[in-house]
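2 protein chains.
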Amino acid sequence: MVGKSQIKFIKSLQQKKYRIQHGMFVVEGIKTVRELLDSNFEAHKVYAINNNLVSAEQVNVELVSEADLKRISNLKNPNKVLGVFKFPLVKPIEEQGWILALDDVRDPGNMGTIIRLCDWFGVRQLVCSENTVDCFNPKVLQATMGSITRVNIVYTDLLQFIKSSELSVYGTFMNGENVHVTKMPEKGILVMGNEANGISKEIADLVNHKITIPQFGGQKTESLNVATATAIFLNEIRRSEK
Amino acid sequence: MVGKSQIKFIKSLQQKKYRIQHGMFVVEGIKTVRELLDSNFEAHKVYAINNNLVSAEQVNVELVSEADLKRISNLKNPNKVLGVFKFPLVKPIEEQGWILALDDVRDPGNMGTIIRLCDWFGVRQLVCSENTVDCFNPKVLQATMGSITRVNIVYTDLLQFIKSSELSVYGTFMNGENVHVTKMPEKGILVMGNEANGISKEIADLVNHKITIPQFGGQKTESLNVATATAIFLNEIRRSEK
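Residue numbers (UniProt numbering), protein chains in the order written: chain A, 1 to 242; chain B, 1 to 242.
Everything labelled a hint here was simulated from the structure, so no lab data went into it.
Just to be clear, a hint being listed does not mean it is correct.
To be verified - In the BS3-like style, the derived pairs of lysine-lysine whose C-alpha atoms are separated by at most 25 Å in a straight line are:
(1) B:Lys-139 with A:Lys-76
(2) A:Lys-76 with B:Lys-76
(3) B:Lys-31 with B:Lys-80
Because the structure is a prediction, the values reported are computed rather than measured.
Let's have the full structure, built from the sequences with the hints guiding it.
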């Protein structure tokens with residue numbers, strides 16, 4: 001039986017301010033919870049409807065009824081396990097390899113997809129402006145599929161970070177150089193901007209290389225979604241290294 | 001004042017069976033409605049909260065209150081204009097250029113993003129298996145942003161279509177040839193599969209060239225989302241033509 005105060009606590013973690021206050025977040029689903037348990041993330045508590053779902057040696061597990069799981073879950077159809085985890089230790093940003101920088105990306109689905117892309121393409125460092133959507137937002141976590149354990153995500157003053165970095169800064173613009181012909185170095189910062197407004201003026205001024213994905217379908221399509229554009233740019237970065 | 005029967009009719013078009021029965025679908029938002037009005041799509045009726053939003057010469061416009069718009073809308077925050085449009089005439093598939101084939105893609109957001117990608121990369125023909133999500137689903141239309149007017153979308157028996165085609169068939173698999181080194185021809189069929197299960201067995205047997213996006217982040221990431229993978233493959237197809 002999950003008590004009222006526990007339900008209230010877990011539900012509160014759906015909001016960023018309480019996540020920050022407690023330094024904890026919630027993930028749901030067997031697969032993602034297991035991935036987090038197998039990583040460096042530290043579990044606070046796991047709620048499971050069945051003894052065999054999570055190894056009790058790893059963590060403080062409480063068996064709960066399906067009705068109780070529904071009470072603490074954020075999903076319409078809760079998926080057997082819910083885990084409360086502590087925020088990971090954020091490592092300092094290292095100036096090696098490619099760093100992806102997000103300037104005010106707002107959509108949780110895009111953010112989750114971008115984290116998964118970083119993981120696929122071996123981009124270990126994701127630096128986000130402070131107005132970028134919180135990576136521990138439940139919708140972000142649903143889209144990352146455990147990739148969040150393998151990418152170091154830092155929220156900081158992006159303008160100051162870029163100013164103080166010695167790396168070349170690549171930014172995506174509608175009128176930049178065709179990324180198919182741009183020679184990419186082995187390291188750098190790639191900046192992706194806000195869904196509606198792109199890269200902010202202050203940060204655009206710091207971009208050394210403006211690049212673009214060429215369009216083949218006439219001039220009508222407005223732009224690519226930021227997550228699909230990130231997919232193409234990260235693929236191009238890795239392609240150039242070959 | 002929008003009458004009860006009109007509300008019922010418009011609301012019914014949120015379901016596929018009524019869309020098929022009436023041969024009509026709903027789009028919302030000024031921008032997308034305008035794009036459809038400026039295309040070959042034929043409007044049945046447009047509901048707008050303001051006279052200046054849509055040129056009345058183009059179409060049968062009914063001015064409605066915000067409260068009425070809320071009654072017929074599928075959105076939490078309706079966006080000034082709602083249009084009911086007739087299904088477009090589906091053109092026969094032409095065996096020229098690249099054809100994208102979707103084998104049981106289920107997620108409306110993915111479908112919408114894929115249509116937008118076809119538009120960007122000039123892929124004019126999208127052939128879908130009959131179990132692929134309906135392109136006139138409201139969530140698909142929300143993600144396409146008007147691109148649907150520039151891509152010919154055909155639902156058919158995909159297996160038969162591929163069997164009867166003379167084009168080379170490229171399919172995406174975890175263990176295929178690295179797409180960075182695959183030489184792409186000027187035309188062909190690219191098959192993308194279901195979110196959970198990939199390309200079905202019967203269609204996989206017809207694939208001439210198995211290709212894959214190389215992974216750089218270790219072996220843990222399971223797979224890329226089908227929309228982001230499509231972004232990368234379409235970019236690679238156009239890249240090879242250069």
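Hints violated by the structure (listed by number, smallest first): The structure breaks none of the hints.
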